[in-house]
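Chain B: place on chain A using the hints.
Spelled out from the first residue to the last, the chains are:
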Amino acid sequence: MSRLFRSLRRGVPAALGFAVRRRGRLIGRPPADLPSRGIFTRRALVLMTAQIAALGALGQRLYRLQVADGRKYAALAENNRVSTRMLAPPRGRIVDRFGIALAGNRINWRALLLAEETTDVPATLDRFSAIIPLDPHDRARIDRELKHDRRFVPIVVHDFLTWDDMARIEVNAPDLPGILVDVGTTRLYPQGPITAHVVGYVAPANERDVAADPDLALPGMRIGRAGIEQFHDVALRGTPGSVQMEVNSVGRVIRELDRRDGIQGDTVALSVDLGLQQAVLGRIADQAASAVVMDCRNGEVLAMVSTPSFDPSLFDSGVSQAQWAQWTADTRTPLINKTIAGLYPPGSTFKPAVAMAALQAGTLSPTDRIDCPGYIDVGGTRFHCWAKHGHGSLNLHQGIKFSCDVFFYEVARRTGMEAIAASAHLFGLGTDLGIELPHQRAGLIPTPTWRRSHGHHWNGGDTIVSGIGQGYVQVTPLQLATYASRIATGRAVQPHLTREVDGTMQPVADPAHWPELGLPEAHLEALRSGMFAVVNEAYGTAPLARLPLVGVQMAGKTGSAQVRRVSRALRESGHFNSARLPWEFRPHALFICFAPYDAPRYAAAVVIEHGNAAAEVAAPLARDIMMDTLTRDPANRKDAPGQRVADAI
Amino acid sequence: MITDKRLLRAEPSFRVLAKLWRVSWLYVLLICVLGGVGYGALYSAGGGSAKPFAGPQSLRFGLGLVMMLGVAMVPPGALVRLAWPLYAVSLGLLAAVLRVGHVGKGAERWLVLGGVQLQPSELAKIALALALAAWFHRAGRARMGNPLFLIPPALMVAAPVALVLKEPNLGTAVIIAAVGASIFLAAGTRLWQVALVLLPMPFLARIAYQHLHDYQRARITTFLHPESDPLGAGYNIIQSKIALGSGGMWGQGYLHGTQGQLNFLPEKQTDFIFTMIAEEWGLVGGLSVMALLLVMIMGGMLMALRCRHQFGRLLALGISMNFFLYCVVNLSMVMGAIPVGGVPLPLISYGGSAMLTVMFGFGLLLSVYVHRDVQFGDNEA
Chain A
1 MSRLFRSLRR
11 GVPAALGFAV
21 RRRGRLIGRP
31 PADLPSRGIF
41 TRRALVLMTA
51 QIAALGALGQ
61 RLYRLQVADG
71 RKYAALAENN
81 RVSTRMLAPP
91 RGRIVDRFGI
101 ALAGNRINWR
111 ALLLAEETTD
121 VPATLDRFSA
131 IIPLDPHDRA
141 RIDRELKHDR
151 RFVPIVVHDF
161 LTWDDMARIE
171 VNAPDLPGIL
181 VDVGTTRLYP
191 QGPITAHVVG
201 YVAPANERDV
211 AADPDLALPG
221 MRIGRAGIEQ
231 FHDVALRGTP
241 GSVQMEVNSV
251 GRVIRELDRR
261 DGIQGDTVAL
271 SVDLGLQQAV
281 LGRIADQAAS
291 AVVMDCRNGE
301 VLAMVSTPSF
311 DPSLFDSGVS
321 QAQWAQWTAD
331 TRTPLINKTI
341 AGLYPPGSTF
351 KPAVAMAALQ
361 AGTLSPTDRI
371 DCPGYIDVGG
381 TRFHCWAKHG
391 HGSLNLHQGI
401 KFSCDVFFYE
411 VARRTGMEAI
421 AASAHLFGLG
431 TDLGIELPHQ
441 RAGLIPTPTW
451 RRSHGHHWNG
461 GDTIVSGIGQ
471 GYVQVTPLQL
481 ATYASRIATG
491 RAVQPHLTRE
501 VDGTMQPVAD
511 PAHWPELGLP
521 EAHLEALRSG
531 MFAVVNEAYG
541 TAPLARLPLV
551 GVQMAGKTGS
561 AQVRRVSRAL
571 RESGHFNSAR
581 LPWEFRPHAL
591 FICFAPYDAP
601 RYAAAVVIEH
611 GNAAAEVAAP
621 LARDIMMDTL
631 TRDPANRKDA
641 PGQRVADAI
Chain B
1 MITDKRLLRA
11 EPSFRVLAKL
21 WRVSWLYVLL
31 ICVLGGVGYG
41 ALYSAGGGSA
51 KPFAGPQSLR
61 FGLGLVMMLG
71 VAMVPPGALV
81 RLAWPLYAVS
91 LGLLAAVLRV
101 GHVGKGAERW
111 LVLGGVQLQP
121 SELAKIALAL
131 ALAAWFHRAG
141 RARMGNPLFL
151 IPPALMVAAP
161 VALVLKEPNL
171 GTAVIIAAVG
181 ASIFLAAGTR
191 LWQVALVLLP
201 MPFLARIAYQ
211 HLHDYQRARI
221 TTFLHPESDP
231 LGAGYNIIQS
241 KIALGSGGMW
251 GQGYLHGTQG
261 QLNFLPEKQT
271 DFIFTMIAEE
281 WGLVGGLSVM
291 ALLLVMIMGG
301 MLMALRCRHQ
311 FGRLLALGIS
321 MNFFLYCVVN
331 LSMVMGAIPV
341 GGVPLPLISY
351 GGSAMLTVMF
361 GFGLLLSVYV
371 HRDVQFGDNE
381 A
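So the protein lines, in turn, are chains A and B.
My numbering applies: residue 1 is where the first sequence begins, and numbers increase by one.
My numbering applies: residue 1 is where the second sequence begins, and numbers increase by one.
With the rest of the complex left out, here is chain A (with noise of 0.2 Å):
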């Protein structure tokens, strides 16, 4: 048994080539060692003649299929049966500052015609119409196009067909031969006109835009047109996909091989809040009036209104003659965006950054004194003050407290015009913000050396009215609540609208991005206090604009921009009294504010086209609109109030 064991141990490595050692002794050894060189280069050289042979097999295949056949294959070539067609990729949302959506796309479930598959196309659309009416105006584009187009091309017979639509045309199927359902997009804006004029909207390229960038001449393919749509138009865009089809020699698809979806363009957040957005254009109601409310430390535009408004969804599809014809004679211009592009005279609103103009050439100290007798005259003309009978004695802090003209006609006319245009660029005013939409407008501050540029003379008296922001100056609502921001934060914060691009958040929303103005805080102080005394002190112009708030507080200021020149003579007939105007003559109304006054977060300005009396008007619009901010208090919120709930339902 032993013996058996040993001789297996000794026997089996000692086959497989092993040695086998005991105790250092050689007990089992492999069979003696031939040399093996021979065979292997005998056996390597019929390897190596293999290989040559192989190579040389697929060399002459190559010859045979690049030279010998190559006519024929180089000629499948030229008409290769394969065609690549571009497809339009999903355009990126737009969402507020809470992921709220304000533009994002609709699936378009289309029927379409296909006439070389139905022997009778009138009968097939007759039997479709039975099912689906169509209007005589579809009826006759669709008969245009069939008499255009080749029979393979698909016309459309109708857009945006709804479930029971689709199910109908599948039921009837049989019946409907060369129909076909079809899905595209379509741009949709769920807030409709609540957002119109920030998110803009979008329509079919023109030949121009196709000239310069060929991907829009994609079907589905949208430009922006206005607003966010327009300004952000490349990222939103996307990137387009290809499908390709096998076709045959006249082009007809015989069927899909390879389909690649585009690339959703990217999303872009704004810093809007819907909710205030909403809230915002209700307290305006049908008044033409805009509205912006505004972080003041930041600059982020949380609500930007301008009443009345549109529809964006009715430029995908085209706008009709009738509803053109009815915008554009709408005295309230509802497709403007009044809060960049409405240009107004800042009336009283302009009295602070005249103020601080004299505050900085030294003309005017905090303390000074002017006496107000209710007029001044001034190079032989008599200016008025609102007050009949004038203010008496007043300082700065009273001089804005009652709006004072006579007080700053005199500030004005001792500060001189360049240096009052200079303090109101430095608040924005007069200048082009750089807000993310198309279309703004800089407004104007005048100057004398403007006015001598257009050839005109500058009087003494210009100076005068610039003084209470009449005359030729003109600046926006958005402007305006740059203005407001730049008092309350000493900063040289530039409205803007966008949040995030694509998940990234813009390097503008930090504070701290914003340059100091370069203006000592107790100027700077002197306006608000100002500001802070025409709300909350006894006698201010604008008690109504006061906070139902304890500890809370708001600095204002408010400003009519009459539209026309009131004469002397109807002025001092004593009955003069601009409500009884018609409306298109009456002055605006306009208030600037910020808040809460210790601690300014939020800055707004409102401006109500004809809205005749700011006090009675703007204030108690402005103080609602900054209640609604305050509650809602976006900029210290990472949800939309109620959204979570909503979410978890």
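Be aware that a few hints might be false.
What the hints assert, rightly or not - Facing chain A, from chain B, some residues (calculated, C-beta under 10 Å):
| # | residue |
| --- | --- |
| 1 | Lys241 |
| 2 | Gly245 |
| 3 | Ser246 |
| 4 | Met249 |
| 5 | Gly251 |
| 6 | His256 |
| 7 | Gly282 |
| 8 | Gly286 |
| 9 | Leu287 |
| 10 | Ala291 |
| 11 | Ala304 |
| 12 | Gln310 |
| 13 | Leu317 |
| 14 | Met335 |
Said to hold, decoys possible - Cβ pair distances, simulated, as ranges:
| # | chain 1 | residue 1 | chain 2 | residue 2 | range |
| --- | --- | --- | --- | --- | --- |
| 15 | A | Ala53 | B | Ala158 | 26 to 34 Å |
| 16 | B | His213 | A | Arg141 | 47 to 55 Å |
| 17 | B | Ala158 | A | Arg260 | 40 to 48 Å |
| 18 | B | Val194 | A | Arg64 | 44 to 52 Å |
| 19 | B | Gly70 | A | Asp502 | 42 to 50 Å |
| 20 | A | Ala173 | B | His213 | 35 to 43 Å |
| 21 | B | Pro56 | A | Lys147 | 51 to 59 Å |
| 22 | A | Ala53 | B | Gly36 | 26 to 34 Å |
| 23 | B | Ala208 | A | Arg42 | 26 to 34 Å |
| 24 | A | Gly56 | B | Ala95 | 37 to 45 Å |
| 25 | B | Ala95 | A | Pro190 | 51 to 59 Å |
| 26 | B | Gly36 | A | Glu207 | 42 to 50 Å |
| 27 | A | Ala173 | B | Pro56 | 49 to 57 Å |
| 28 | B | Val66 | A | Arg64 | 40 to 48 Å |
Honestly, the hints are just simulated from the structure, not real lab data.
Just so it is clear, CB atoms sit at the ideal spot from N, CA and C, and this is done for glycine as well.
Same frame as chain A, now just chain B:
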């Protein structure tokens, strides 16, 4: 000149500089030329841009070159000791990839290790050549005649073949089996034993066909009748033939191959890169690349013949056969001579895993050449 005597005296730790002197720099130059051809082709496949293929590939090539020279310094003794662990690891990875691997394009499986994609079947070919060379290097004629001695190496071949078949990757399984068979043959297996294994193969193939996946059967049928399905499975072969034909004798010109640049050619940066070269450079360019490949294969075989120990001879032969099979399978595939299967053209096709294993193989080849005169094992010196 360094004489053999001095080398032998310096063994086993003879200096790196002396070893570098003995590296076949001509062969390294050939490798670099082939790498350059690959860079040019990938530059064209990227639409005339180093992105996205040529740039990353040249980086890998540089890494591979350094690794190759490093491996060339390893003496045969260490390689033998390395052979078994490496073989075990490659089997382990093959088994792992079946469980957790990612499947792409129907068949190729890879693992992701530390962000690097790894195809274990690539490594398995090299590891098998090493292990078989280590097994056979002491075997004399008598032992080769003993069937018992041949059973373990046969199992060594069968294990990775079975695992790769299970992936399932028919092309690679055939390459692994062929590499193993060539080493068996060169080691001196009796011809009647070879015949005994090869003769039943047609019957086994028939049985295997019954167990093939549908897509693999489709490849075989479309290979036999490509026109039967011109836009489905036969699409690749037909497009490749059209591209070759449009190249003609002198080619369409670099970066101007219509079929390749217009994306009619599928997988032009990987499997079908040779088609793109032949379309742009014509028959002249295609044959030049094939001649270059042949010179490299023959170079490897000559290194095997020149080596004085059986381990080196078998290892060099296995590596060369592997490289040869890669080339032949890929070229046959793009010319429509065999069914399509994801086998890249070594050093030219885009892909990191294949590039690095091919360079590792060249490192072993150069190591054999560097240590060609070293006395090793019980073979004649």
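These are the hints, each one checked on the structure:
1. Lys241: holds, 6 Å
2. Gly245: With a minimum Cβ separation of about 2 Å from chain A (threshold 10 Å), the hint on glycine 245 (chain B) holds.
3. Ser246: holds, 4 Å
4. Met249: Interface hint status for methionine 249 (chain B): holds (5 Å vs cutoff 10 Å).
5. Gly251: holds, 9 Å
6. His256: violated, 13 Å
7. Gly282: holds, 7 Å
8. Gly286: holds, 5 Å
9. Leu287: With a closest approach of 6 Å, the leucine 287 (chain B) hint holds.
10. Ala291: holds, 8 Å
11. Ala304: Holds, about 6 Å.
12. Gln310: Cβ of glutamine 310 (chain B) sits 6 Å from chain A, so the hint holds.
13. Leu317: Leucine 317 (chain B) check passes; min Cβ-Cβ to chain A is 6 Å, inside 10 Å.
14. Met335: Holds. Min distance 5 Å.
15. A:Ala53 with B:Ala158: 26 to 34 Å: Check passed, 28 Å falls within 26 to 34 Å.
16. B:His213 with A:Arg141: 47 to 55 Å: holds, 52 Å
17. B:Ala158 with A:Arg260: 40 to 48 Å: With Cβ atoms ~42 Å apart, the hint holds.
18. B:Val194 with A:Arg64: 44 to 52 Å: violated, 33 Å
19. B:Gly70 with A:Asp502: 42 to 50 Å: Since glycine 70 (chain B) and aspartate 502 (chain A) have Cβ atoms about 44 Å apart, the given range 42 to 50 Å holds.
20. A:Ala173 with B:His213: 35 to 43 Å: Check passed, 37 Å falls within 35 to 43 Å.
21. B:Pro56 with A:Lys147: 51 to 59 Å: holds, 55 Å
22. A:Ala53 with B:Gly36: 26 to 34 Å: For alanine 53 (chain A) and glycine 36 (chain B) the Cβ distance comes to about 28 Å; the hint holds.
23. B:Ala208 with A:Arg42: 26 to 34 Å: Roughly 32 Å apart at Cβ, these two residues keep to the hinted range, so it holds.
24. A:Gly56 with B:Ala95: 37 to 45 Å: holds, 39 Å
25. B:Ala95 with A:Pro190: 51 to 59 Å: For alanine 95 (chain B) and proline 190 (chain A) the Cβ distance comes to about 54 Å; the hint holds.
26. B:Gly36 with A:Glu207: 42 to 50 Å: holds, 47 Å
27. A:Ala173 with B:Pro56: 49 to 57 Å: Check passed, 52 Å falls within 49 to 57 Å.
28. B:Val66 with A:Arg64: 40 to 48 Å: holds, 41 Å
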